[in-house]
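Trainee: Fit chain B to the given chain A structure using the hints.
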Amino acid sequence: MINRRTSLQIALAGVSLAALGVPALAQTGPIKIGFHAPLTGFAAADGKSAQLGAELAVAQANAAGGIGGRKIELDIIDDQGKPEQGVPVANRFISEKYPVVVSGSYSGPTRAAAPVFHGAGVPYISSYAIHPDITRSGNYVFRTSFMGEVQGRAGAKLVGELLGKKNVAVITVNNDFGQALASGFKEAAPKFGVSIIKEYFFGMPDRQFGPLVASVKADNPEAIYASGYFFNAGPLVAQLRGAGITVPIIGQEGYDGQKFIEIAGKAAEGVIITTSLDRDSKAPEAVAFISEFEKANPGVKVDMVAASTHTATRVALEALKKVGIADRAKIREAIAATNLEASTGRISFNKLGEVKKSVQNQIVKDGRWRHHSVIDDPVLLAPPES
Amino acid sequence: MLHVELTIQGLINGSMYALMAVGLTLVYGLLRILHVAHAGLYTLGAYIAVLIANATGSLALGAAVAIPVVGLAGMIVYRLLYEPILHRPPYVALIASIGLFIVMEESYRLIFGPYGETFNAPYLAERVSVGPIGAKAAEVAMVAGAIVLLGVLAFLSKRTRFGIAWRATVTDPAMARAFGVDTIAVRYANFFIASALAASAAVLVAVLNNLVEPTMGSVPSYKTLAIIVLGGLGNVAGTLVAALALGVIEAFGTIYIGHLLDRDAIAFLFLVLVLMIRPQGLFAAR
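As they're listed, the protein sequences go chains A and B. Under the working numbering, the very last position in the first sequence is 386; numbers go up by exactly one each time. Under the working numbering, the very last position in the second sequence is 1286; numbers go up by exactly one each time.
Next comes chain B alone, as it looks inside the complex:
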């Protein structure tokens, strides 16, 4: 019974990782940028949601504003930070991204204070049970949110003209351009979708923890990098599996080897072991 609960808890955490990491792998797949500041946009989403929810009493409104606003913020980050340095070696973008992430964290601290924000009235705190197995409503919402959003993403990329243009641009930008695909628009859309996914994850995490703090992006910032490497850089399906697998491994690890290794150490040990056996990640891209 405990093992069933641990698996469920692992999948809940894995869903959060998935929402974050899929956005990151999309950016990597298209532009070969390790977008660390993704976690800064995630925190932005949580702040917008909590401030609006507290001001208006509506979490739904908070989420409805946070998700598109953070999507736009992602496009702005692309336009102002990455586009001017795309022709430079990839580490330039990486360093710029880390710099932006630090600036964002410290800006949140200066603007909103170091103590963090909480919801005036906690949302989704009740327990949902099916027989002996139960979870908080916010945890159920996390899993449901991940399934719906990633389902929509899969539909978009497989079944729409935009999705075809997008995948064509990832595969061969020059050829896609030759066929009339607006590859610049694809890049903006890519950042919008990735950032909106991060904001969705952030709203759910904010509700789950009832805490939005300036440094809430610091763990996702590096752990999602590990996940996209595990998933085979740029591979969306692989990233999804890696995120869920890591969630479950951490859940069992914290209980059975938590006295030896902490959660992050378990995650990175798993990463090291996988890369020793499969250096291209669990699922190599293309």
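For reference, chain A alone in the conformation it holds in the complex:
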């Protein structure tokens, strides 16, 4: 039985709800977008850089007035870098009905999450995960960094053409990242007259490379192409140089960061890498990114992960600025049509959602990453279309 008092209460509740205005609230509150990164566990260092890069992009957009006058907020989830976290993270974000989601994570979780986002029709941008299957999940999935194969091809050009070295030892971190780089390098090597005298493998947890270094020394190569992350590459380069090996060492974006130079010390000098961020760029977007990042995060030096995640987040926000947050099909189209000058260069996507941009080569000089050269070769760097 509904008595008068209850009906009065219901009516009052209705009035107050209307006054508060649930829809009106949704239009004035912040716009939330999903973001996941490995904030704990083995990849926590990259996760931290990723978070700082994404937060800077959001802070810049908010300072410029947000989207339609509304502030933007990141909803950040820690995926621990674990593949099994990918699907639960994706389902959480999908249930929140966010207009777009950015991955600041590795291939493991990103690859698992990508098909779920595509299936739910939620645009999803991977910042720096390199596994080829990520964008193959469907046309709602994009990537703002190079696929491993593409960067591996650039590495072959750097070694064979720009440095003129022909007999190369290849050292590969034994996961999807290293294997993709090595396969691109090997594929393009003959074009640049590079022959691979021996290939070595190591695991991501490895920090001691004594046996490998002894064997490389016996091979006597003209150059060394080594994949891996800064925490592998720092000790590896120090140990190679410590064994008296003086030939050029060529790395890739996994080295990219000040920590590599701190770990390797003097041994880091002269190491050249293929990456996405040019510290000596004159492009205003890159200059502004570097100075604002280091101002916002005192003591933290900018790195490739932060720049790539900043770029991916900007791509997402630019699309929302153009078409609003209501229609995710339109947001997807806006992302696909991206043509943006970002901290990592001019960004556009091919049909598969893979980024088209040039490769920045950086060299360590006096303890800092510096400009070495640029590889702008659309044929060599063409990502697959399907």
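Hints in this document: simulated from the structure, not taken from any laboratory. Beta carbons: idealized from backbone N, C-alpha and C, even for Gly. Some hints could be false.
[As the list claims (entries may be wrong)] Covered stretches of chain B (in silico footprint by chain A; criterion: 3 or more residues with CB under 8 Å from a CB of chain A, positions within the stretch not fixed): (1) 1118 to 1125; (2) 1128 to 1140; (3) 1189 to 1199; (4) 1209 to 1219; (5) 1255 to 1263.
Mentor: Just chain B now, kept in the frame of chain A:
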């Protein structure tokens, strides 16, 4: 020549394993606990050493503080974590230990940040050569450190009253108590020595890699378990041989079958093969 270098590199790595695994096998021998958090104490030692060395400019001071402090931390872990659950089945202590290890790793990350610490000035980076054979000074220090520390341990256990009390407690705690041995003190000493050895290994590894990171204990945490199983659980001499053997097998394995199996896979394949032939380990305890 390459094979000589690979053997040397294997022994260098094996020395690090030995310093870690001997502590673990001591704990197992006395209390039948698989002390996974040992690797968390190891990381603690590396952090203390690197922070003090950077603050004062003295690596020696860093090591001199890290080793006893981690020894004490090991005693505290025993008192607060293991002692209250000693009467429970062994898996309870194992689970508690894994839990503590995860808490420690994540605490280091929260306190010191995820990027890891490096020495302001690298120590022992120069190369020491004898003819065509050479190694980094830090690698030589690793081997020398293992020989000296484990030599002292052997002397302690064979030639001192404390050593006799210790071995008596391992063999038969009730009988040792009946003869007036303070078995509780032996347990604390056991944890102190084991943890101090882990800290010594950590200081040497920190210098060798010039990198101290929150997860640096993760590989030692499981690999030393494999080593103490290989060595015959609780057998110190067996553990020593197993650690060195594993170092050498990994060194050759990464070069000759590294394209098929990674270093950890090689280690565990070796473990599986040995256990198929000798289920009690290379050297059965007692």
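Trainee: Hint by hint, say whether it matches the structure.
Mentor: Verification of the supplied hints:
| no. | hint | verdict |
| --- | --- | --- |
| 1 | 1118 to 1125 | holds (count 3) |
| 2 | 1128 to 1140 | holds (count 4) |
| 3 | 1189 to 1199 | violated (count 0) |
| 4 | 1209 to 1219 | holds (count 9) |
| 5 | 1255 to 1263 | holds (count 5) |
In this structure, only the earlier hint numbered 3 is contradicted, and the remaining ones agree with it.
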